[in-house]
Amino acid sequence: MQKKPTTLLALDIISIILLGVSTYLALIFAPTEAVMGQVQRVFYFHVATAWVGMLGFIAAGISGIAYLRSGDLKWDRVEMAAVEISLVFFFIAIVLGAIWARPVWNTWWTWDPRLTTAAITELIYIAYFMLRQGIEDPDRRARFGAVYTLIGAVSVPITFMAIRLFRTIHPVVIGTESAEAQGGFNMTSDMKVAFFFALFAFTVIFVDLFWNRIRMGTLADKVEQLKLKVMQ
Amino acid sequence: MFFLETPPDTSQYMVAGYAIAFGVMLIYIVSIFIRSRNLNRDMSMLEEMDKDK
Numbered sequence: 177m178q179k180k181p182t183t184l185l186a187l188d189i190i191s192i193i194l195l196g197v198s199t200y201l202a203l204i205f206a207p208t209e210a211v212m213g214q215v216q217r218v219f220y221f222h223v224a225t226a227w228v229g230m231l232g233f234i235a236a237g238i239s240g241i242a243y244l245r246s247g248d249l250k251w252d253r254v255e256m257a258a259v260e261i262s263l264v265f266f267f268i269a270i271v272l273g274a275i276w277a278r279p280v281w282n283t284w285w286t287w288d289p290r291l292t293t294a295a296i297t298e299l300i301y302i303a304y305f306m307l308r309q310g311i312e313d314p315d316r317r318a319r320f321g322a323v324y325t326l327i328g329a330v331s332v333p334i335t336f337m338a339i340r341l342f343r344t345i346h347p348v349v350i351g352t353e354s355a356e357a358q359g360g361f362n363m364t365s366d367m368k369v370a371f372f373f374a375l376f377a378f379t380v381i382f383v384d385l386f387w388n389r390i391r392m393g394t395l396a397d398k399v400e401q402l403k404l405k406v407m408q
Numbered sequence: 077m078f079f080l081e082t083p084p085d086t087s088q089y090m091v092a093g094y095a096i097a098f099g100v101m102l103i104y105i106v107s108i109f110i111r112s113r114n115l116n117r118d119m120s121m122l123e124e125m126d127k128d129k
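As they're listed, the protein sequences go chains A and B.
Position in the first sequence (from 1) plus 176 gives the number in our numbering.
Position in the second sequence (from 1) plus 76 gives the number in our numbering.
One chain only, chain A, in its complex shape:
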């Protein structure tokens, strides 16, 4: 059995502590928003999970470039790990957004530019896994994955900018928002503490999961190679 590096073990523990502190700041420390009430607290994890999602999709695109330049399959493992983690966190962000929207916009979902681009981004990366499974040759699969994530990464800035470029109901927390935006609010200093801490905590959690997931991918490849050796 492969022993976990001490640094990774420490990062696991730090991530759990940071998640706990971030939850405390979001649920107890931050004041209740005057208009929306308690549901506004969903905002801290909503933005932080979306941030992790976008971070991973960008990391996957960069890994794609690294693979195309070097042809080293380790970049394919890194890319797959990034996409998998991001899919999970981006899914959480979308669900939290829908839960926040219900009492504020009076609907779970609307085909607003931000919500639509976010849904498309999620679907692009679900398709990535489905399409990968159809290719048996590891080199072809890695080349396909690299090009796909490189093109897929374009959806990230489009999703991020959607609320800044188009008329949208989705509020903009930092920057100016469109006149149709609903659910926006001015952050107090305590809210800012909870918000930026959540961003920091989820970035560390992402790094931790990313490392764990890459190790798992490396182990899976070793098992495959050993299987072939034993079967010969």
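Since the hints were made in silico from the structure, they are not lab data.
Please note that a few of the clues may not be correct.
[What the hints assert, rightly or not] Straight-line alpha carbon distances no greater than 20 Å define the calculated SDA-like cross-link-like pairs of lysine to any residue that follow: (1) Lys368/A <-> Phe205/A; (2) Lys250/A <-> Ile234/A; (3) Lys403/A <-> Asn114/B; (4) Lys398/A <-> Asp126/B; (5) Lys127/B <-> Val399/A.
Please read these numbers as outputs of a predicted model, since none were measured by experiment.
Based on these hints, arrange chain B on the given structure of chain A.
Below, chain B alone, put in the same frame as chain A:
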């Protein structure tokens, strides 16, 4: 909504949101743990088979 003196009670949405967030994260972490454990088992078994060969 804007003329209310106290915020509306939207706490059930907050609870649902955090329950889903923690639930999904937990499922994902458990899935990484189980997959890694199974791979480690396969690795040990294959190493044994390789030695016997």
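Now the hints, each set against the structure:
Between Lys368/A and Phe205/A the CA atoms are separated by roughly 11 Å; this keeps the pair inside 20 Å, and the hint holds. Proposed proximity of Lys250/A and Ile234/A is supported: the alpha carbons are some 17 Å apart, at most 20 Å. Distance hint between Lys403/A and Asn114/B is fulfilled; the C-alpha atoms sit about 14 Å from each other, no more than 20 Å. With a C-alpha separation of about 13 Å, the suggested pair Lys398/A and Asp126/B falls inside the 20 Å cut-off, and the hint holds.
Taking the CA atoms of Lys127/B and Val399/A, the gap is near 15 Å; set against the 20 Å cutoff, the hint holds.
Checked against the numbered hints above, the structure breaks none of them.
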